[in-house]
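Take the sequences, apply the hints, and build the full model.
Keeping their order, the protein sequence lines are chains V and C. Residue 1400 in my numbering sits at position 6 of the first sequence, with consecutive numbering throughout. Residue 197 in my numbering sits at position 187 of the second sequence, with consecutive numbering throughout.
One should not assume that every hint holds.
Said to hold, decoys possible - With the Cβ distance kept under 10 Å, some of the chain V side facing chain C (calculated, not the full set):
1. R1422
2. D1425
3. S1577
4. A1592
Honestly, the hints are just simulated from the structure, not real lab data. All of these numbers come straight from a predicted model, not from anything done at the bench. We put the beta carbon where it would ideally sit given N, CA and C, even for glycine.
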Amino acid sequence: MKTSTRFWLLASSILVSLAVLTFLVHYRLIDRYLSRLLMLGAIQSIIALSLNLITGFTGQLSLGQAGFVGIGAYTTAIFTTQGWPFPLALIPSVGFAALAGFLVAWPSLRLRGDYLAIMTLGFGEIIRSLIINLGDLTGGASGFKDIPGFHADGDINRSIGFLWIFLSFILVTVLITNLIRSSHGRAILSVREDEIAARAMGVDIRRVKIGAFALSAALAGWGGALQAPFLNYLAPTSYDFLKSVDIVVILVLGGMGSITGTILAAFGLTLLQEWLRFLGDYRMVIYPLLMILMMLFRPQGLMGGREWSLWNLIARLGGKNREVRHG
Amino acid sequence: MLRVTGLEVSYGSIRAVQGIDFDVREGEIVTLIGANGAGKTSTLHALSGLIPSTGSVELEIDGNRHNLRGIAPDLRVGLGLVQVPEGRRVFGNLSVRDNLLLGAYRRKDDLTKDLENVFRLFPRLKERLNQRSSTLSGGEQQMLAIGRALMSRPRILLLDEPSMGLAPLLVREIFRIIQAINAEGVTILLVEQNAHMALKIAQRAFVLETGKIALSGPADELARSETVKRAYLGG
Ligand SMILES: Nc1ncnc2c1ncn2[C@@H]1O[C@H](COP(=O)(O)OP(=O)(O)OP(=O)(O)O)[C@@H](O)[C@H]1O
Ligand SMILES: [Mg+2]
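Written as structure tokens, this is what we have:
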């Protein structure tokens, strides 16, 4: 099939399904509970994809991703409470998060592996304590309350919120997929694979790392920005070290460097956590248990750096074998 | 084409390269031979700008002279100075195709001819285009590493021990290809421990011993010299 035909086919089927889903949500054919779960899953996917960019594709382990998410969430909360409409508040949210990513990237250029992880962890903790200590702005330890929704009217709020979240999710997925397939993407992967060889091939690894960090932070901030009007309440504990680890867990389960794997794991874990509510506090054992099982039986994660693709499936059924592989 | 004067590389208190002078003329194959730890890789890394060094490195391309002091590695690649690093260092999780395309990372023009050229030199790579490069054999990885470097259209190619760990037959094949690349107008600086083969294809040679140039001259003369025979050619 021609690439342009494929593109239009894919783009139109995605948009049609989005329209149908939004319709179903608006008329409550998908109930409130399920639609909230889907939205949670989509936001988690955005956040996990942002981490995948810096950790899965660029190879820089970040343990402070929740910090960037927090910047996006609180910025949106502050601005929308001031009366800004959500789309406008999205701009400073993503911008501040990107700026923070840019600032973290500089010292990170000299660090790798464990040291980088510890530095990003420190960054996350700084953000958390800023949230707690800037009480006038953020509500401090007791949280940020009464954040306006996507829309003042309840019914419209639900479907507009759904639309915003899923549109964001699709945009972020498309953005990262295209980035990774471009020559910039190859440069990003080469940094993960071998920094010396990358430099010897003419890749400016400083630029790649700074760019990847800033973009990753921006996308994490975007995910956070969606949380504010969606949850209407933000707590500083949602942006601490444990949350950063949760995002790493999604990545590990889905497969580092796999976009479809990350999305699968993000939705999967969100749903699983809900469905297993009857287990009470034993629920907390699931993440670690899943991690252990995964390491034992499938250490490369669900997708193991590969991508699931409808086209490959069709091609395989048709006898041809074509695989997309990113690492 | 390349003139190196007083090049020094230090790692903390270790002086790996202690002020060496050498030059490579346009169209030549020059080899730099020496034992383990003599400072060969350090020298090439310094030429590529991958590690800090002192002294002067001048590159002359098409009559334009460039002082490489302070020039970033990626810009050096852009000028035409490209290295095939020791131990191949292919991007293991990426396909052979992606590895080749990464070699051309800085280029914006059409790559079809260059890919064809690489496949002509290394037909085996063409059959393995979609294969993960870590699954290639050692010899194929060396071919890929050279092919990848060629994709950037080098004017001078720095090769760091391309024969390392290869069977004798394959070593001869790689050396034959290096000669072919040279015949197409690419100047070669070849670092080798396999002095025997290197001296056969090179016009001139420099012998590096613990960070200093111990001997230099036409390759055939060095091949006959008693010191070189004793130290590097096994008697
Ligand atoms: N990163 C480093 N830190 C400290 N010392 C180093 C480093 N890299 C190299 N050296 C030292 O510098 C000296 C020269 O090393 P170099 O790798 O240049 O040798 P070489 O001639 O390429 O050897 P070989 O033939 O074994 O590859 C050695 O003594 C080595 O131990
Ligand atoms: Mg060496």
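Here's how the hints hold up against the structure:
1. R1422: Since chain C brings no Cβ nearer than about 46 Å to R1422(V), farther than 10 Å, the hint is violated.
2. D1425: violated, 43 Å
3. S1577: Nearest chain C Cβ about 6 Å off; hint holds.
4. A1592: Since chain C brings a Cβ to about 8 Å from A1592(V), closer than 10 Å, the hint holds.
In this structure, the earlier hints numbered 1 and 2 are contradicted, and the remaining ones agree with it.
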